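Produce the entire structure from the sequences given, and follow the hints as far as they go.
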Amino acid sequence: MGAWGMAPFQNDRAVDLLEELGELDTVARTLRIREVFMEGINSDSDDAPLAFEVVAAAALIGIILPGGLALDRDLPEGDERLTSCIDPEDEGYATDDWRPALLRSPGPELIELAIAAVRHVTGMDSQWRDVWGGNRDRAIEEMQKVLAILEAAVR
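Take the sequence shown: its position 78, counted from the start at 1, is 68 in our numbering, and no numbers get skipped.
Simulated from the structure, these hints should not be mistaken for lab results. Any given hint could turn out to be false.
What the hints assert, rightly or not - Here are the computed distance ranges between Cβ atoms for each label pair:
| no. | residue 1 | residue 2 | range |
| --- | --- | --- | --- |
| 1 | Gly113 | Ala18 | 27 to 33 Å |
| 2 | Asp120 | Met28 | 22 to 28 Å |
| 3 | Arg145 | Gly(-8) | 21 to 27 Å |
| 4 | Gln0 | Glu102 | 21 to 27 Å |
| 5 | Gly123 | Arg94 | 36 to 42 Å |
| 6 | Val17 | Gly123 | 36 to 42 Å |
| 7 | Leu21 | Gly123 | 17 to 23 Å |
| 8 | Glu141 | Met28 | 16 to 22 Å |
| 9 | Leu14 | Pro56 | 21 to 27 Å |
| 10 | Pro39 | Arg145 | 27 to 33 Å |
| 11 | Ala106 | Asp15 | 23 to 29 Å |
Quantities reported herein were computed from a predicted structural model and do not represent experimental measurements. The beta-carbon is built from N, C-alpha and C at its ideal position, and this holds for glycine as well.
Spelled out as structure tokens, the structure:
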């Protein structure tokens, strides 16, 4: 698996998942995302490739929630857009790899599953943390951004 950055969509497994989801209708896409989260929750902590998929699927949900714009754009602290979300219908994002894979309204149950799955696959003893080497802190920071957005949505 190749990774060219620490952000949720910057690795081969994430890109493959986005392509797969983009080819599915809304119902099938929702079921596939739920399946990824369930696989993550039920997985061993040594499945880093699955962890990359779980984090990407969670980010895909987070990106349309308040604050989700920060998952796609590098925004400075204090920027008013940090509370913005991405409108799935906005054609300004038409060329982004993740746009065809978006869910319009994930619902609280799927958001809760995403939180549980991300926490499990990126836990302290997970292989996901080990694969980052010297970039671990930055990768954890990116993952925590995803979790913060998801958690805020279900409070």
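Each hint tested on the structure:
no. : hint                         : result
1   : Gly113 / Ala18: 27 to 33 Å   : 29 Å, holds
2   : Asp120 / Met28: 22 to 28 Å   : 23 Å, holds
3   : Arg145 / Gly(-8): 21 to 27 Å : 36 Å, violated
4   : Gln0 / Glu102: 21 to 27 Å    : 26 Å, holds
5   : Gly123 / Arg94: 36 to 42 Å   : 37 Å, holds
6   : Val17 / Gly123: 36 to 42 Å   : 40 Å, holds
7   : Leu21 / Gly123: 17 to 23 Å   : 35 Å, violated
8   : Glu141 / Met28: 16 to 22 Å   : 19 Å, holds
9   : Leu14 / Pro56: 21 to 27 Å    : 26 Å, holds
10  : Pro39 / Arg145: 27 to 33 Å   : 31 Å, holds
11  : Ala106 / Asp15: 23 to 29 Å   : 26 Å, holds
Violated hints for the displayed structure, listed by number in ascending order: 3 and 7.
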